[in-house]
Amino acid sequence: MELYFGLKVLWWLVLGVLLMGLAIMVGMDMGVGTLLRFVGRDDNERRVCLNAIGPHWDGNQVWFILGGGAIFAAFPLIYATAFSGLYVVMLLLLWTMIVRPLGFEYRSKLPSATWRNAWDWALLVSGAVPMIIYGAAMGNMLQGVPFHFDWDMRSYYTGSFVSLLNPFAVLCGLLSLSLSIYMGGVMLMGRAGGAVAPRARKAAMGAAIAAIVLFTLGGIWVSFLPGFVLEHAPAPGLPQNPLQQQASVVAGGLLANYRSQPLLWAVPALGYAGMLLGLLAVRGRRSTLAWWLGAGAWIGVIGTVGAALFPFLMPSSSEPSQSLTLWNSVSSQTTLLWATGFAAVFVPLVIWYTSWAFWVMRGEVDAAAIQHDEHAY
Amino acid sequence: MIDSTVVELSRWQFAVTALYHYLFVPLTLGLSFFIAAVETVYVTTGKAIYREMAEFWAKLFVVNMALGIATGLTMEFEFGTNWSFYSGFVGDIFGAPLAIEGLMAFFMESTFVGLMIFGWKRLSKVQHLLVTYLVAFGTNLSALWILIANSFMQDPVGAKFNPVTMRMELDSFSSLIFSHDAQAKFVHTSIAGYVTAAIFVTGISAYYMYRNRHMAMARRSFRMAALFGVLATAGVITLGDALGFVGGQAQPSKLAAMEAMWQTEPAPAAFNVIAWPSQDQKRNLFEVQVPYVLTPLLTHTMTQEIPGVDWIEADAAKRIANGIPAVAALKVLSKDPTNVDALAQFNSHQKDLGYGFLVKRYAPDQDVEKATPADIQKAANDAVPNVFAMFWSFRVMVGLGLAMLAYFVLAVIFSVRNDVENRKWFLRLAPWMIPIPFIANEFGWLTAEIGRQPWTVYGLLPTWMSASSHSVGYMVFSLIGFVTLYTVFIVIEMTLMVKFIRKGPSSHGHGDHAPPRPALGGRAAAVAMMRKED
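Heads up: the protein sequence lines correspond to chains A and B, in order.
The numbering of the first sequence is the working numbering, which starts it at 1 and goes up by one.
The numbering of the second sequence is the working numbering, which starts it at 1001 and goes up by one.
Only true hints are included.
Coverage of chain B stretches by chain A, computed from C-beta distances (three or more under 8 Å per stretch; other residues unrestricted): (1) 1095 to 1107; (2) 1166 to 1178.
Listed next, the in silico DSS-like pairs over lysine-lysine satisfying Cα-Cα at most 30 Å (straight line): (3) A:K109 / B:K1047; (4) B:K1335 / B:K1160; (5) B:K1047 / B:K1125; (6) A:K109 / B:K1059; (7) A:K109 / B:K1499; (8) B:K1499 / B:K1059; (9) B:K1424 / B:K1047; (10) B:K1125 / A:K109; (11) B:K1121 / B:K1047; (12) B:K1424 / B:K1059; (13) A:K109 / B:K1503; (14) B:K1503 / B:K1424; (15) B:K1059 / B:K1503; (16) B:K1503 / B:K1121; (17) A:K109 / B:K1121; (18) B:K1125 / B:K1503; (19) B:K1499 / B:K1121; (20) B:K1318 / B:K1331.
These aren't lab readings, by the way, just hints derived from the structure by calculation.
Please read these numbers as outputs of a predicted model, since none were measured by experiment.
Beta carbons are placed, not taken as given, at the ideal position from N, Cα and C, and that holds for glycine.
Sequences and hints are given; from them, build the entire structure.
Here is the structure:
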């Protein structure tokens, strides 16, 4: 039982790491996609931008796919309930994300200006929309989503598509978009060179300021939002399902964890530190440092959400007692054990060869070489 | 109750997105290894022509792979979006291989494909070769884990139901990954990918040879791919036989439908070469039979009886009756997880839980305890998949497989005799063979997945229960969305593919590598090039 409890907490942390990894790596590429039309004024400059992330976007995107797979494996009930409940939003996310691989691979394969221009728009949409949805989804988790279960654990979502795009969720979506633009800008500052770098720098500064403002507004808003409290539930280390617990809504409950564990304030502080110092680093043209600070900002922001919700993952606003927590939506002990084994071996391996790939392709993109390389984007 | 239109639309959407995704996957599986083989020759012999070949095929590889990756995104999330009950019910088992696929295989493939494309100038020859192999291994490892997941749906081993969490849970990870179905299916499917790539390469090479273009490259590519192809096709057929053998043990209903066997016959049973099965009349309106052949073909014995549709329906009716108390006990347990009587009742009927679910849709108020014998019979009739679709999907796949074997035997003979260039009829035929493996792959998928019906997880979870509870409107919207997007994508992909094939390798395949750079330096050259291109 103690083992199972430990595994549950471990996989809650792993879920956090995956969501952060996804936001940092995929978010950076999406930021580049969003910025493409603004920092690249002609085709040549845009190709430089695309080739800066060209060798990496595909690997980075696996963070997104692995995120989906890991939620399926470790939190099957979240995978089932959240993805079916947020159906139309998920479709928007998928349909925009599907365009992205084609944008990278196909855009520069034909010389036509109309063709390339169309793909540039596609990359803009497939960069900005998924990041807004990503943030909005987190915003909805903070507020709770209307769903309930039958006796056999069939889930029903009772809200509408529009209700998922409520003002608070949109604010979270914009925060996520800002951070992604910041990361994309910083990446281009370091690797694009030429006329692109100063424009990317300006965009990153603007994005950092926007993120600071949005994070502050979000924080104030959260303190007025109701939170959820578990009143009665099986012990955390036991197998259980959401029909076996009692939970209720309390005003200001999202800050309850912070009030009882003041040390947790360090998490949002990390988010602020990342954004503020990141802004300074961008000003000082320290792009590598600014990238790591941006990663810190993402860790702080996503950590803030996780700490506010704990132990909830997806509260139900219509049937609070049927809320999904990390205790009741998690996989069995056997599955978690095996997953832990695989993660222990392969996560370090992935990080190692990803770093190697970045190291091989390090340095500024050579604008002239792109023109002669038939494999370049 | 979940609307049956929603279930049907969800099935259509899954079939459309999976079949579409599967248009791109097999070529990726095979072409990655073909490119690695070509590059190996380049590294060992140092002949520039092989590097050119590797780069050319890699260009087509990337065009294909982009859509494979794009449409794979849909697959990773579609279980949750559209099959949420399924996902909650078996996610504890099914999710793990998908996550491991991402972590162990897809990360490798995707990270190294970037280096494979962009790394020519930054990596040493040997490093680049290693990278190409890692892409190929990553791709094929991906297929392994996906097929392990799929095999759980075909033959759910290594799992047991937990009444406390109301779902299936992993019992034995080794049973899951060493499932016989998974082993046979992985080899069968990945080799089918090699066949696909081999036909693709020979077809395009023949197109060049017929026009007397890029001869050095085309001749070499043709020969390598023909050898690759003849071995692979023989392998596919052998493993297909093994898969039929393994699958037949685990899924008798799939086998009966595939062979249009309505009545159980004493062994050795006759084999229907062609037939016109009618599900309503439960017989073949027309059939051409070879006596005694079916039994040795499927069971590798002369004496083992093969259950026909009649036996399967009778067996299903018995198991439904036995499964009803299991479902009833579960309902009690959901409110009172420690109820001793309900637990005892559940345990003694647990093995037929899935069959209890099967009758739920016909029972009054979906209460299985109220099910009449007529309801049970209706559900039992459902236990057999669509015989017509199964019979013919299987035969199309096998027929095309045999045609490809004949093609490759000829290709190897001609290529070894060095006179393939003179066989104009063969060179004209070869490009028309390219669609054949793609069609065979799709029919293979249909055979495997239609044959699994009426279950998403064989014998355990009926398809009609598995879908998410969406409205019809949402489903129509999403299905139209997918079909529209995917149609646009395939038009774009085919246009690019055909364009690149027509254009051929950049230096005309004579081994003279890379056009000289313009004398202009850096940016000026770039601008000049752009003007020229526009």
